[in-house]
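Chain order of the listed sequences is G and S.
Taking the numbering used here, the leading residue of the first sequence gets 1, the next gets one more, and so forth.
Taking the numbering used here, the leading residue of the second sequence gets 248, the next gets one more, and so forth.
A portion of the hints provided could be inaccurate.
As the list claims (entries may be wrong) - Calculated lysine to aspartate or glutamate pairs in the EDC-like style (CA-CA distance at most 20 angstroms, straight line):
| id | chain 1 | residue 1 | chain 2 | residue 2 |
| --- | --- | --- | --- | --- |
| 1 | G | Lys158 | S | Glu258 |
| 2 | S | Lys280 | G | Asp163 |
| 3 | S | Lys280 | G | Asp166 |
Said to hold, decoys possible - Not everything, but these chain S residues come out facing chain G in the computed CB check (under 7 angstroms):
| id | residue |
| --- | --- |
| 4 | Ser265 |
| 5 | Val296 |
| 6 | Gly320 |
| 7 | Asp341 |
| 8 | Phe344 |
Source of the hints: derived by calculation from the structure; they are not laboratory data.
Where a beta carbon is used, it is the ideal one built from N, C-alpha and C, also for glycine.
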Amino acid sequence: MEDSSFIFEAIAGVILFVVGVRVLRLASRTSGRHERLLGTYLLLSGISYTLYTIPLIGNVGSLFTPVTFAGRVVYAISVYFVLEFTRSVFRSNEAWSRWLVYALMLALVMGVGISSIQGDWDGYTVSNPWFWCEWLGYTLAPLWVGVEGVLAFRSARKRVRLDFCDPIVANRYLLWGWFGILQVCCSLVIVPMYADYEANRYFTLGADALLGCFEILAAVTTWLAFFAPAFYRNWIARVAAGAERGN
Amino acid sequence: MPVDLFDFAAERLEQQTSLDRLAARGTLRLALKASGLAPNGLRVAQLRVVLEKVLPAELEKCGVAGAQSICTGVSAALANLSVAEQTPGSTDTDEIFRRLGGN
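With the hints as extra help, turn the sequences into a complete structure.
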């Protein structure tokens, strides 16, 4: 990785970690399963981002591959929690959703496992077919998150008009959907980036900076969704009140 | 015996309008969709609002005369109704997302 663009990823990791800790603290108060699932996902994602960044911040030499591999495994585990969160919140009554969770986790486990056995511990070898198996696992998961978030927002917006739903909750759906879409963007950016790395053994600055921007935007989205500051809440309430007056 | 709210309201509509069973259920479904609600997990308070604010317009689109008074009648019939146990609906998802914000 060139220059210091990896710092974006480190910042995103810290934000996800902090939001994850905050949601887990909420889970300890409410004993809610959904809070636990979401908090664990965000926390593990934050840890994974940090693990990916550590070898790039300091010269860790022979530890580069083990630390990167650890980041990869932790991320794969985190995906289970976001899949189960999405299934249990949005599709708990539908049998296909459970099969989707199993299929995507199987793709991830096989992708990480088999490519590692074949010697690709970093997971940067796009010429390996098992890379794509893993890629599908960690790309379709946030795609599902994005689709459910946006669909839930569209329906919640109608409920807001009839006073069935709090505007801040409707906005939380939208932010969660955006988070999923931004994560998909990250997955798309890493393809040419990893291809470059496979060929030249370094990450190009442009792709790396773009990835970092998407990661920070996604992390900030979770912060606004689950840790919204007062000014943001007030703004959403004002916008909703304005829309109500307009109707 | 507990009844399903959607079935109850659709049957009342069928009885009080010229709509057949399919049309009555379809019109009610459209009204619920326009309100961001699903037949599963529907609550009495929500159905009352839909009957008051959304369904009359949907019925008028189908050429039903006196839509407002029909809806008022269905709404009045909801009183003293023993409602079947609810399956999780869209508003339960709202409750989860409300909690996730710490509020």
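Cross-check of the supplied hints:
A hinted pair counts as satisfied when its Cα atoms are at most 20 angstroms apart, and G:Lys158 with S:Glu258 does not qualify at roughly 25 angstroms. A hinted pair counts as satisfied when its Cα atoms are at most 20 angstroms apart, and S:Lys280 with G:Asp163 qualifies at roughly 15 angstroms. Taking the CA atoms of S:Lys280 and G:Asp166, the gap is about 18 angstroms. The hint holds against a cut of 20 angstroms. Proximity of S:Ser265 to chain G is violated relative to the hint, the smallest CB-CB distance being about 27 angstroms (cut-off 7 angstroms).
For S:Val296, the interface hint holds, the least distance from its beta-carbon to any beta-carbon of chain G being 6 angstroms, beneath 7 angstroms. A cut of 7 angstroms between beta carbons decides the hint on S:Gly320: the least distance to chain G is about 21 angstroms, and the hint is violated. Among the interface hints, the one on S:Asp341 holds; its C-beta lies about 5 angstroms from the nearest C-beta in chain G, closer than the 7 angstroms criterion. For S:Phe344, the interface hint holds, since its Cβ comes within 7 angstroms of a Cβ in chain G; the closest pair sits about 5 angstroms apart.
Checked against the numbered hints above, the structure breaks hints 1, 4, 6 and satisfies the rest.
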